[in-house]
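Heads up: the protein sequence lines correspond to chains A and B, in order.
Here the numbering used here is used: the first residue of the first sequence is 1, the next is one more, and so on.
Here the numbering used here is used: the first residue of the second sequence is 1, the next is one more, and so on.
No lab work stands behind these hints, which were simulated from the structure alone.
Take these hints with a grain of salt, some might be off.
To be verified - Interface residues of chain B toward chain A, partial, derived using beta-carbon atoms under 7 Å:
1) Gln184
2) Gln468
3) Arg471
4) Gly1088
A quick note: this is a predicted structure, and the numbers were derived from the prediction, not measured.
We put the CB at the ideal spot given by N, CA and C, even for glycine.
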Amino acid sequence: MTARATARRLVLQAAFVLPGAAGVSVLSPACYTSGAGGTNPPTTTFYYPVGLAVSAGGNVLYVANSDFDLQWNGGTIQSYDVFRLRHDTAELIGANFLTPTSVMDSKNLIARLNKDIAFLSAQGLEAWAPNCQSSPNTFQANGSRLPLGEACSPPVDSTAYIGGTLAQPASAIIGAFATDLQLSLDGTRLYVPVRGNGTLTWADVLPDQATSIPPDEPGQPGEGDAGSPGTNWPPPAPHGSNISNTPDPFHFYCGPGDQCDSEHETGPVPTAADTRDVILPGEPFAMAQTEDGTAVAVTHQSSQQTSVLTTGLPACVDDGSAPAPACMVEPSSAALMPVDPSMQFVLTGVPVGGDGLVAVPHDLDSSIPRCELVGYQTPCVRPAFLETTHSAAELDLLRYYNDDGSSLHRPFLVREAPYPLTVSQGGTDSRGIAIDDTPRRACKARPGANVTECAQLPARVFFASRTPPSLVLAEIGEYNVDGSYNPDQLQFDGNVPLQPGPSKVYLAPIVDGSGHYALRVFIVCFDSNEIFVYDPDAGEIENVITTGPGPFAMAFDPFSLDDVAQRKLVPGDSRQQDPSLAAIGIDISASSANGPASLKRYRFAYVASFTNSYVQVIDLDDSVVEPCPGNPTESCNVTFERPVFTLGLPTVPKGS
Amino acid sequence: MRPLGFVGAALVLAAAGVATLAASCGSTPTPPPLRSFLQPQKVDFVCLNVNDANGNPIPAVPALQTQCPPVPPNVAGGPFAFHEYALVTQTLRGELAVVDLTMAMVIDEDRALPGVNLIPVGANPTDVAVAPDATHTYVTSADPNLPAVYGIDNHLLLGDSQALPTRLPPLNSFSQIAACRLSQPPDAVVVIPLPADAGASIDGGGGAPSAPAYALAVLLRSQGPGVPAQVAVIEPPTVLGGLGPCTVLGMTGALSSSLAGASSAPGQAWPDGVVFADAGDLSATEPPPGPSSICPSPPSVGAGVAAPQPTPGAAVDAGSGATGAADASDAAPPDALGASDAQATADASGPPDAQLDAAPEFDAAEAGAGEPGDAPSASAPADAAPIPMEAMAVGAPASGGAGPGQGTSGLSFGPLSDPRPTAMVLRDGSPPMVYVADATIPVIHVIDLTNPTQPREVSELLATSQAQPARQVSVGGLALSPTTRDYKRYLYAIDTSGGSLMVFDVTDPIPAPFTPPLERPHPELNPFVAPDRIAFAAPVAAVSFAYDEWPVPPQGDAAAPALTGLLCNPSPNARPGPDGSAPGNGAATGSFYCADQAVVIDPDGTLVQGFPSRLRGWFGVAVLTNGTAEVIDLDDWDAPCRRPDPMTATTRIGALDLPESMATGPTDLDPYHVPTAWPAGLDPSATVSAVTQEPFYPVSAPNRPRSGFLLRNDPTSGIHIPYVLSEPLLTDSNGAPLSSADPNEPVMLATVLASGFVDPSTYTSPIDPHDNYLGTPAVSADAGVSTSDAGDAGMALASTEPGSTGTVPGVRVSFDDPTAHIDQEWWVTYEGALPTTSPLVANIFSTSGYQDLTFSLGGAPSSVAEAGTDASVFAASSGLCEVGIEDWSIGQARATQALTAMQDAKLPGSASFPQGAPLGQWTSDYLEITDNILPSSDCYWQENLPGEGGLSGGCVTGSGPTSGAAAAAASPGSSCDWEGVGRDDLTSGNDVAQNRYNLCQQTFGPPDNPTNGPYSQADKYLLRDLPIVEAFDDHLVVTRFQWNPGEGSCPEQTTNRSVFGGTNGDGRDPNNTEYFNLAQCCFHNQAGFKIRTGGEWAVVGQTGLGFLHHVQTDPASGRCVLSCEQRDALRNGRAFDIPYAQPGAVNPCATPMAQIDRANPLAFRNPMFSFAMWQGCNPESANAAGAGFGLCVGFGDHTTSLRDLSWRFSMQGGFTPLTIALGGSTSAFVVPQSVRPVPAFQQLAIVDGAQQGLILIDLHTLQFVANTPYF
């Protein structure tokens, strides 16, 4: 990627932002006749977003919109340009730290931002001033300043960041009531459980790379602003797809046109690979992939069932080196072409209302390694999941069998152990769950480490409980009395109080004050409009981020868990620091230390407001400290763990 | 960035505004409570003088805790001169809340602003500590950008909240608070006294006269490489509004991260509560953990084995001054100390008016203990050394070691990360110390602060886990006990993994390096708790120690002070006179605390029933993550009165119920010289014993959860001793009742009592002192069954008393350790299935050419994969040994042991079954395939038939790379070998699929269907049963059963078959090939199965406890072997049938005469009960009715017990700990954050993160204090 290419790309983007913003209301609702009846959903704005995912290269933000009030004829999956979003966010942060010395200076600054960032006029740039000095909202009644980022991020038109073009935005219609969105471990396939039609809808995507700026113009992979593609670009075409016209990672390969077709809706109809002839039960909700990405389990909201499907993707191994989601395809299966996901089995007898699901990490170096990596020679361990539920005070361990040992080859799940929830009074309503194996990774990275012993350190389990509102702490991977190791033995350790309505739990780092990765647990509290940031090492709540109404899903810039475990220095994002950005009017040298020049490869989190249909960007970098606005004698980073950018116009639900 | 102190005010304002708006709109809205707390965490207390003698407010003056009086119920504390205040950190807002506990309100620091305004103290306040002189409060702030200590002048603590004539300024600004900046974020702070001459040097020679006589020890958090965690001693900040660097007096430097020299050796046992005798090792009274051929006899203790850990009896009995190396000021018991000493225990002050009067009693007890006359008689357990773990060789992984990466001589956890301290607790006195818990290094650092300029780490306590020796323990919260009556100090430490408590002996302030946690005494009596832990129903969130006392009201002289600190004393020599006066020249005794005198102490109480909640002495309090608090007995001054009565050599009840010695004379006031506490001789009309008559001893033991009820059949609180709900019921395989009087059926009888023991269940009224153990047991002469009256309702049915011929079914309840009892329904099933939490599914293959068969949870293990050709690909996590499987080799050993015991008991062995196989040949667990064969329509039956493309013609399997044809090709073993079945029509012809199905359903039964009848096919088709020759953790090697049809052509039955030893006695035989091929193919190389206990009864708890066993995995071979540790001896779940008659008896169905006590290998015994299962009559002489299976009676049978014959009974009266529900009557959610006793009030303060408030519990009533919680 050359500086010139970068500059050109940004200029082009800026050029279509304003017309796009003006035309979005005209183009969006009425242009589609999908044949499904009703009005097609908007393609460039959010509508009850429920799922976010960032591509492995960090350039694409995938969004699942649920159409929760059924205003449209379906939900959507959309792609947004995170490269640009990150740049503009950093630019806005930097601008907020500047103190213009004259009126002209101020006007120039506003003009420059106005050129780059498509503030929505209704509440946008007029309300913003450098350092938010003229904004009445930046001060509280007692005169104290509101956190800078939160106060100085007026809504920005999401249309400006949609992948593809305004004419062909990267958006595809799916069923209503999607509940989640996940990217396959190899970054090539998206999965969306959809309650409205009882499917696991999927779409193939082209993976991007962290070293390149993705193409956003049709037909120009590897050229112009497509960045430095490297030898792996373009990747192989998604199975059964023709990429000649739209070889970009924003595009969804899930059928012709703007709608994911029935071929990409797994579950309602048995396929040839589904020799049990089972179908996906109703109300699919949470999902999780096996560690090798070859299968996915799906919970169901209204039944005592959990389903398992094969993904059709080659097995891959997360060796820790690549940012998630990403893994190395196993050499033995590298030559295998992906095939379609297929329904395989429905496990019954789990508590009603599986709300959270996560794969149990089985370390490669454990004395009981993953079976698929050792040819199933014992001792080894099969893939397993932990499932939470909102109807019972327990956590269920589900075991996945790929069934290759039998003559049937029919994968299935077994409910191997219900772990009664001993912590928390009541404890019958558990939600999102995440498992942290960084203690193992950190241990293995130490000089002289006994990797087997390190690999058998317990992994930390975190899940949200609403009874009472708390983050429950547990461990998985324990020693037995006889000294043997059980990689799936769970033990509850404690709980941390939260505000009402915790739902999803995410494991991701921040950038600490010294510029290193530092692991945190992010707990989204839907009811209280807050995200709790828990420091698992210090064992304390570090901060509470106040968000827009109804936060639901989060995503993060890509990171490697190994880097986090070793607390490595977060590298800069050279693409964003290209000096030639000045060619499009951005004077980096004059920018604040918090501006794009300071952008690290990892810095932001993205939060979808389900209730008000927009996305907020959260600053997770605590290392950039500079004189506080309005009080230069103090140093601070007032944007750390604050919303700093508002993507899309917050919209109050109809009828509320 | 400075924290914003006004945020809270704004939020409150907003809340108030919202509330106002809401109120104006609704009809009768319920206003939400106005809350000022947000993420509260830590608490400390201070006493302030805030009113003059007339109740008029004065500017606050700090005062000593002893000056703050408790507030009586229904009294307004406002006018009190001295008020007690709680200081609660508010983590999220960086504030400190001040709660007036005397007036019951949260202090508003700034009345000019709406709402309740708190004190700003910096972001993320992590701890709070009040100076000993009460003048200042110190708060540590872990603001990453501004770590600091804030010092608040307690004169200003109340802001402008007081109604003073001249209003004081509000305390709402950092300019009013002294502060200094730390180099690293702090996690904890304690205030340490400075040496008397330290002031000048610390002040740099300035010698400021106002320099405090204390310093702050601050626990600093690591900030990455080069900035280690450490303890710093600093001067308290004095500069108002400043944030200059703190004046550091000294720093420890990096805390130790080395475990060099540490070993996994277990710690000593803590006192068992039998203070008058050394209960010692009980192994002689317990069954061996395994057959003698498997578990070698314990060698004599000598060189080369770990030194046995002496029980602490000697230390307990040694009397004052005989224990530990602690100096006098540190080790003195609480009743010999002033209140200040007790502050060493997490600020919990000692008895405010502690008296020394108990000393004579205590000394008397000490003097008497240990004398020859005190020793138990021959019936007492031998004081033998425990079995050294290292001596267990065969199939017994050594406890305390042998885990991966860990040996018994040293710990190896690989490279450890840098220390990460989590908590710190102060031990004041001399020398001043702090103990620092560590999350990443399994130690508790011991820091000596004698020289504040040179704090240094002097030792480490080692946090190990005997139950999980390979686990690297992480330590959380700490609490330091006061000195107990036996001169002990304990450190409780939370094991963050699972939240149990470790107990360390810190009587010596500087313990030996790497001192491990203490072990529970007699862990074998309750194997459900790890031997070196105190465990609860939920993980511990925080722990503390608390003191409470019920003083003896003045007797006679109303002006006399109330007496405190007295041991309850049931000695008749100590009883008060008829006028209530005490004997012995008026010397106070503890007799007023006896069960029959309790009303003297608590006139409103209910005598003895109040004992469990009457806390006298020192107790641990563990607040749990489930929102409850549990009380731990530490130094219970009522312990001598909680016991059975009598305690003599002929009335023992449990293993530790050792007889007490007689008093040496009328002046002997020893509370443990009271073998008979019933004061009948003194007062024949008395109706209450001097003791609680709880049929356990000890009832109250150090470091053990306290019972919430009297452990007895109490007329007020109900039955709280274990009992059998009703007579055990015999049922057939369908659950239909059978007659237990049928001599052809087996009978479950209680074990006989050993000499000197009595069974409290056999007495008509365990609490009736006129019908107690002094008299004749009310056992019916003929049946050995207790008569029924109100007193014994629901008690165990005891049978076969010595000399009795009773045959009424029953079990003998064990009264050894009350905490081991869990309410449970029990099923005792012949050849019952071992319970598993999930179905067992295994891959089927053979490595012996189908001479035997392997059921593997994985692929071919390396140990059996030498052939390689049959290796298959199927795996799960291993864990078959955890199920408790005992293979043929263990079965044979058990049989040998049983036969020896039969010979010893002069029982016939298997001689009564002449045609039957020897016991050892049919004692083996066997595998029963439970899967249905696939329906005939399934495509599987066509698999691998010739077709287009080779491997086709069957299911169109998954097209992914891990399934279907690709996988089959890659894994040859994944296809079955129909050819091996030996029938051509299974591989070619027109009806191959149907032929395959037909053959399989003929052999193994059709798929389950209601039309098939009531039995599952798995249970009906005995060819599914495969005896286990060898059991490994991940696979089972099986063979087949054999039987002799005899003249009557009896078919195979579960009663007449034995394990087929095969060609060479290893179970392998060429004749197995065809059948095993068929089994593999009919179940498509994979089958679900269950395990049955062949030839044995399986005892299974149905409501959570499951099947008790001590099968473990041999680390070297992976084989399922028996643990040979004595502490596992009672983990039993199997029982043999005992042959019914005596040899040569005319009537082979005669009543059993052998005396089988619970330690006999023939008896079944677990921690809760014991029984002997007597076999039904000789089948040849009895016309056994074999319902349901077309039983061919007689020939070849070795038992009359049909499979799935079951005895069922329920046990109730399990242990219920003393639990306080912190959610109160509303069951509000509570997430405890910390706990501390309120020093002045004998209350317990719990900071709750769910309600976000401060909960106060009255230790006297164990109820909520009025107006609590505060928030």
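Right, here's what the structure says about each hint:
| no. | hint | in the structure |
| --- | --- | --- |
| 1 | Gln184 | violated (12 Å) |
| 2 | Gln468 | holds (4 Å) |
| 3 | Arg471 | holds (5 Å) |
| 4 | Gly1088 | violated (9 Å) |
In the structure shown, a violation is registered for the earlier hints numbered 1, 4, in ascending order.
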